[in-house]
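Asks: From just these sequences and the hints, can you work out the full model?
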Amino acid sequence: MSATDPPGGEPADEADPTAEMVEQAGLDEPDLDRGVIEAWAAKMITNPDRAYRATFYVATIFFLVTTLFPFYWLFVVAVTPRNNLSEVGVVLPAGFNPAAFIEIFTTLPFHRYVFNSFLIATIATVAVLLVGSLAGYVFGRLRFRGRNAMLLLVLVTSFFPPAAFFIPLNRLFNTNIDVLRPLISAGSLYNTPYAIFIPLSAIFLPLSIFILMTFYSQIPDGLEDAARVEGTTRIGALFRVIVPLSAPGVATAGVLTFISVYNEYFFSSLMTDGRPGNWAPMLEGILRFQGEFEVLYNLMAAASIIAVLPVAILVVVAQEKIVSGLTTGAVKE
Amino acid sequence: MASVKLEGITKRYEDVTAVDDMNLEIEDGEFVTFVGPSGCGKSTTMETIAGLTLPTEGTIEIGGRDVTDLPPKNRGISMVFQNIALFPHMDVYDNISFGLRLRKYDQEEVDRRVEEAADIVQLEGMMDRMPKEMSGGQRQRVAIARAIVRNPDAFLMDEPLANLDAELRVHMRTQLQRLHRELDTTIIYVTHDQAQAMTMSDRIAVINGGVLQQVAPPLECYNEPANRFVAGFIGSPAMNFLEGEATEGGFDSQYTQIDFDPETHGVTSGQDITAGVRPEDVFLEADARKATSPTKAFDAVVDVLEPMGKEMNAYLLFDRDVEASAEGRGEGQLLINLAPDTDIAEGDDIRIVMDRENVHLFDRASGDAITHSLE
Numbered sequence: 000m001s002a003t004d005p006p007g008g009e010p011a012d013e014a015d016p017t018a019e020m021v022e023q024a025g026l027d028e029p030d031l032d033r034g035v036i037e038a039w040a041a042k043m044i045t046n047p048d049r050a051y052r053a054t055f056y057v058a059t060i061f062f063l064v065t066t067l068f069p070f071y072w073l074f075v076v077a078v079t080p081r082n083n084l085s086e087v088g089v090v091l092p093a094g095f096n097p098a099a100f101i102e103i104f105t106t107l108p109f110h111r112y113v114f115n116s117f118l119i120a121t122i123a124t125v126a127v128l129l130v131g132s133l134a135g136y137v138f139g140r141l142r143f144r145g146r147n148a149m150l151l152l153v154l155v156t157s158f159f160p161p162a163a164f165f166i167p168l169n170r171l172f173n174t175n176i177d178v179l180r181p182l183i184s185a186g187s188l189y190n191t192p193y194a195i196f197i198p199l200s201a202i203f204l205p206l207s208i209f210i211l212m213t214f215y216s217q218i219p220d221g222l223e224d225a226a227r228v229e230g231t232t233r234i235g236a237l238f239r240v241i242v243p244l245s246a247p248g249v250a251t252a253g254v255l256t257f258i259s260v261y262n263e264y265f266f267s268s269l270m271t272d273g274r275p276g277n278w279a280p281m282l283e284g285i286l287r288f289q290g291e292f293e294v295l296y297n298l299m300a301a302a303s304i305i306a307v308l309p310v311a312i313l314v315v316v317a318q319e320k321i322v323s324g325l326t327t328g329a330v331k332e
Numbered sequence: 000m001a002s003v004k005l006e007g008i009t010k011r012y013e014d015v016t017a018v019d020d021m022n023l024e025i026e027d028g029e030f031v032t033f034v035g036p037s038g039c040g041k042s043t044t045m046e047t048i049a050g051l052t053l054p055t056e057g058t059i060e061i062g063g064r065d066v067t068d069l070p071p072k073n074r075g076i077s078m079v080f081q082n083i084a085l086f087p088h089m090d091v092y093d094n095i096s097f098g099l100r101l102r103k104y105d106q107e108e109v110d111r112r113v114e115e116a117a118d119i120v121q122l123e124g125m126m127d128r129m130p131k132e133m134s135g136g137q138r139q140r141v142a143i144a145r146a147i148v149r150n151p152d153a154f155l156m157d158e159p160l161a162n163l164d165a166e167l168r169v170h171m172r173t174q175l176q177r178l179h180r181e182l183d184t185t186i187i188y189v190t191h192d193q194a195q196a197m198t199m200s201d202r203i204a205v206i207n208g209g210v211l212q213q214v215a216p217p218l219e220c221y222n223e224p225a226n227r228f229v230a231g232f233i234g235s236p237a238m239n240f241l242e243g244e245a246t247e248g249g250f251d252s253q254y255t256q257i258d259f260d261p262e263t264h265g266v267t268s269g270q271d272i273t274a275g276v277r278p279e280d281v282f283l284e285a286d287a288r289k290a291t292s293p294t295k296a297f298d299a300v301v302d303v304l305e306p307m308g309k310e311m312n313a314y315l316l317f318d319r320d321v322e323a324s325a326e327g328r329g330e331g332q333l334l335i336n337l338a339p340d341t342d343i344a345e346g347d348d349i350r351i352v353m354d355r356e357n358v359h360l361f362d363r364a365s366g367d368a369i370t371h372s373l374e
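Protein sequences, first through last, are from chains A and B.
Position 126 (the first sequence) corresponds to 125 in numbering that gives the first Met the number 0; numbering is contiguous.
Position 340 (the second sequence) corresponds to 339 in numbering that gives the first Met the number 0; numbering is contiguous.
Please keep in mind that the hints were generated in silico from the structure rather than gathered at the bench.
Be careful, since some hints might not be right.
A few chain B residues that don't get close to chain A, going by computed Cβ distances all over 10 Å [to be verified]:
id	residue
1	Lys4
2	Glu6
3	Gly7
4	Leu23
5	Leu53
6	Ile76
7	Glu181
8	Leu218
9	Val301
10	Asp320
11	Asn336
Reference excerpt, derived from the structure (chain B facing chain A, CB under 7 Å, subset only) [to be verified]:
id	residue
12	Met45
13	Ala49
14	Gly331
Pair ranges (Cβ atoms, derived) [unchecked claim]:
id	chain 1	residue 1	chain 2	residue 2	range
15	A	Leu118	B	Asp20	58 to 64 Å
16	B	Asp20	A	Arg144	24 to 30 Å
17	A	Arg144	B	Asn22	27 to 33 Å
18	A	Ile234	B	Asp20	30 to 36 Å
19	A	Val64	B	Gly124	54 to 60 Å
Predicted, not measured: the structure shown is a model, and the values here were computed from it.
Don't be surprised by glycine CBs; every beta carbon is placed ideally from N, CA and C.
Replies: In structure tokens:
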């Protein structure tokens, strides 16, 4: 945005020659008949603020249209009656039938799919924040031999494309492990939420470690020392003092992880058989609306809109927290 | 309340020894100050007592209990930090009661104790303020309240007044002394400011380069410094040092001779020694009767005069050829205290005497004190 903002202090000596030039041009060619574009350009030269404002609006509108239009179009598709699906309008729907928003819950238990995804993303976020906090504390606040090497190792694991892990993980999760039998009926992790949140937590962990490490390293040593003298352990000091003071960082890492896991496609679509009772995530639910002979685009669109809601609500809530955290820090530091 | 005992405490980092074989016994209820230049290891020593740093060698006892391997929370101590270290996300009440709540005291007890502690440091009616809304002095009082609320066996204070302005520092100094009198608890205090150490402590532990130099009451450190470092560190303005040699008849340096009997003071003729004399133990020849035992008079030139109000500091040169160093304390220079109405001007030639009773001698090689009086 900053590029389109009008710069505050336009140097005065620069404005003067421009004005002079225009005046000069006016004098040399007094009866010049300008075209529309030429006249517009001349106005922009004499008044650069207008140009900046114009670019700002163009950029903003472009941004809003590219972001929001797909949503609008999803809505258009969702309310298009089933018979008219072959001729979906671009701006206005071909007919209006909001029943799709109810059908998605009656033809399939779509709420169960959303719940599965929501639960998996929540567990993954909690796990990532917990492990990431411990790792972030160690990397951010302790000095020890091999710290940089280990940090590099964490970074390297995030370089691998997730697909590289898929085959071995899929084999592993399909193996029956006798120890797990009392916990999971089949004894294998396939068709359980663990099969999705374990690999995804591991994949998104390095990013959170880096975010949390940066925040935790900035908390003064004195505060941790004070907490420890007052009666906490190191871990107690981490969760009672360091984490609350790093709230913006924790919120950022948490929201990023939640959204990534909730939206994830690859593992989510392959680690279960797609049945809602087997912890298939939201994504599988949306794909289930395409049958053998027919693709119910209106139901898919309605499901997509419903699926976005939890994340949208979370981001709105968390964003407020992030912003308030940042401003309290700014005012109080 | 408890005694604190350090036995052979050594703290080594990879290539530096921060604290070297420190042995110290602090009695129950005593106010002991660790003083020394920055980087001398006084803070590290305190951190090992607190348990924030583990010593490489040695043991620490608090109240007769070996706490060397205990975490800070189990040592029965509380601490006030240089940067105050209040928890910024908690109000005053939560800050003060933090330790009590962690120890699961019941709510009534917590309220009662917090109120009592706030009363002692005069913080009534500020319980719901956030640290950022308070002045430096108020925050410091909250930190002290947080330290006293748990009735610890010992208080550790790491330069608690360093971040306060001069006026507030003097005020808080008196407050702390009053607090010590009221609570009668062992206090270990770290500072680099010898004035704070002198005014507040029962005993001073002077530390330099990680080594304990002297542990003694303030006046003893002042009047009978164990070595040249202590002599130069304690007292402001600092002691004058004259480099010279012991002769048959006393002390001989480039500019001064002091007569005394070497044998009675344990000096051998030819030994390299340093004489030390405090600015207030040098007098103008006219005032020689103020000295208990004046030496013979020396010539000097007044270089710079600093009127301080109740006294006047005069930087002297023994000789017009002496090149004055920037601090005014180099070889051939002498700083003396004079009455503020003394009638001299910069550039005057004067004659001065020293009070032999208060001339210290140090062995130049080891720095150890040989005698504290040439009487």
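Asks: I'd like to know which numbered hints this structure contradicts. Please list them from smallest to largest.
Replies: Hint check: 6, 12 and 14 fail, others pass.
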